[in-house]
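Chemist: In case you want the letters, here they are:
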Amino acid sequence: MKPVNGVGIYGYGAYVPRYYIENEAIGSIWGRITYPIKNKSFPSFDEDTITIAYEAARIAIESSNAPKDRIHAVFIGTESKPYAVKPSGTVLVDALGLSNKILSADYEFACKAGTEAMETVFGLVASKMIDMGIAIGADTAQGRPGDELEYTAAAGGAAYIISSVEDGVLAVLEASYSYVSDTPDFWRRSGEKYPRHLYRFTGEPAYFNHIINSVNGLFEEYGYKPSDFKYAVFHQPNAKFPQRVASKLGFTKDQIAPGLLSPVIGNTYSGSSLVGFAATLDVAKPGDKILLASFGSGAGSDAFAFEVTELIEERRAKPPIRDIISRMVPRDYATYVVYRGKIWR
Amino acid sequence: MTEISDWRYRIERYRLIGVRCRRCGSVYYPKRSKCIKCGSSDLEEVELPKRGRVVEYTIVRLLPDRYNRFHPYAVALIELDDGTRIYGQLTDVDLDKIHEGMEVEATLRKLYEYGESGQIVYGIKFRPVLSR
Ligand SMILES: [Zn+2]
Chain A
199 MKPVNGVGIY
209 GYGAYVPRYY
219 IENEAIGSIW
229 GRITYPIKNK
239 SFPSFDEDTI
249 TIAYEAARIA
259 IESSNAPKDR
269 IHAVFIGTES
279 KPYAVKPSGT
289 VLVDALGLSN
299 KILSADYEFA
309 CKAGTEAMET
319 VFGLVASKMI
329 DMGIAIGADT
339 AQGRPGDELE
349 YTAAAGGAAY
359 IISSVEDGVL
369 AVLEASYSYV
379 SDTPDFWRRS
389 GEKYPRHLYR
399 FTGEPAYFNH
409 IINSVNGLFE
419 EYGYKPSDFK
429 YAVFHQPNAK
439 FPQRVASKLG
449 FTKDQIAPGL
459 LSPVIGNTYS
469 GSSLVGFAAT
479 LDVAKPGDKI
489 LLASFGSGAG
499 SDAFAFEVTE
509 LIEERRAKPP
519 IRDIISRMVP
529 RDYATYVVYR
539 GKIWR
Chain B
3 MTEISDWRYR
13 IERYRLIGVR
23 CRRCGSVYYP
33 KRSKCIKCGS
43 SDLEEVELPK
53 RGRVVEYTIV
63 RLLPDRYNRF
73 HPYAVALIEL
83 DDGTRIYGQL
93 TDVDLDKIHE
103 GMEVEATLRK
113 LYEYGESGQI
123 VYGIKFRPVL
133 SR
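Residue numbers (our numbering), protein chains in the order written: chain A, 199 to 543; chain B, 3 to 134.
Worth flagging that the hints you see were computed from the coordinates, not collected in a lab. The model shown is predicted, which means the values in this text are computed figures rather than measured ones. Glycine included, C-beta positions come from ideal geometry on N, C-alpha and C. Be aware that one or more of the hints could be misleading.
One side only, chain B facing chain A, incomplete, derived with CB under 8 angstroms [to be verified]:
hint, residue
1, Ser7
2, Tyr11
3, Ile13
4, Thr60
5, Arg63
6, Asp94
7, Arg111
8, Leu132
Here are the simulated lysine to any residue pairs, SDA-like style, with alpha carbons at most 20 angstroms apart [as the list claims (entries may be wrong)]:
hint, chain 1, residue 1, chain 2, residue 2
9, A, Lys540, B, Lys52
10, A, Lys451, A, Leu396
11, A, Lys391, A, Pro280
12, A, Lys279, B, Val48
13, B, Lys52, A, Val291
14, B, Lys52, B, Arg71
15, B, Lys52, A, Pro265
16, A, Lys279, B, Leu113
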């Protein structure tokens, strides 16, 4: 997909909660000795997807000095909506002081709901139906105690303000490509607290197949090759998958290094590839091309090609996500269980 | 508080909106209709600065049911960057490591909820600055 009118990213911000738990601390409870990552973030008792989305969007607006009265869409991609029915974005409209003349909705597509929201805002802006919009991917993902997912299901999010190229963007959207099929690798039925997964499906038919198809589709349709990109960011359900899919597609370790955060924050679901993209923008230089490829169970992948502009220097997120990560503090399993509401006073 | 007044006060709670006395310049948060200092009723709404320092604080432990998951917490007297002093709840702090002069900034957090199936009420809290 290629917009007729130029669009791109006006500003961005990313956020992870203050707390993390080591995989080792989870494993010691359940008698496990090998782990998918080192640490995963988890939200404080007073945080949820809405407050994480707020933190990321506030950083995006303040860092880019975006004109709030020209923002006419706020979409949140998440699989951990605080309410099953009541939109999350309405709180952000009033809390961020945006115009009430605005579109708002929650998007769900497992871990790729954030890039799905982004694609929608790109379309609205490119068609000139709105001036600017905010797309957010944020989650406070839960894994059943003792389940494989408990080691990686984490919390965090990123927000992207999207505008036309004429308004000045820090990264131009060159093209995108989406690939979707009915693949039941992971799901959560209505009313259920924890998701379920078919472990056998998680790797090849789901994650690898969909990302490889979206990225190869982007390459074939628009004539890219891996060496065109300075950096690449993939969805990060653990530490291994993004590194393996990068090498399968012909990307080097250096290309994915800045955006690879899963080893220290875990899988932030709808936030995952978007927080990684923010970390990459934090270090990118004008002229750099960046590949972003999300993955959502169920399943699908959105691949995007961006080129960074001169405006990156003045609009970088303040603080950069790695500074926010560096303030994190460890907590034990008991604190994690209470903060996550698994037991009550 | 009820769900109705939670809704009525949401904007000032979300955005830290207080009032400034047009006659003597005194600033108040939460909003009030009459200036304590000079008695004037000519007050205008102002969005207050989102950063400041802890002047003093206390730990709150006993609260109504709707705070079930959200206490104990610290309430601090905070001097904002423009000199206005307000009371604000602290978050993302270790209760034994709060100190006078601690630099804090406003963020949005859950304040309380009306049980598991009721409304979640959000508002401003202060946490240590992410960066200066
Ligand atoms: Zn007065």
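Chemist: Hint by hint, note whether the structure agrees.
Modeler: Now for the hints, and whether the structure bears them out:
no.	hint	verdict
1	Ser7	15 angstroms, violated
2	Tyr11	11 angstroms, violated
3	Ile13	6 angstroms, holds
4	Thr60	18 angstroms, violated
5	Arg63	12 angstroms, violated
6	Asp94	5 angstroms, holds
7	Arg111	4 angstroms, holds
8	Leu132	5 angstroms, holds
9	A/Lys540 - B/Lys52	33 angstroms, violated
10	A/Lys451 - A/Leu396	29 angstroms, violated
11	A/Lys391 - A/Pro280	12 angstroms, holds
12	A/Lys279 - B/Val48	32 angstroms, violated
13	B/Lys52 - A/Val291	18 angstroms, holds
14	B/Lys52 - B/Arg71	26 angstroms, violated
15	B/Lys52 - A/Pro265	19 angstroms, holds
16	A/Lys279 - B/Leu113	17 angstroms, holds
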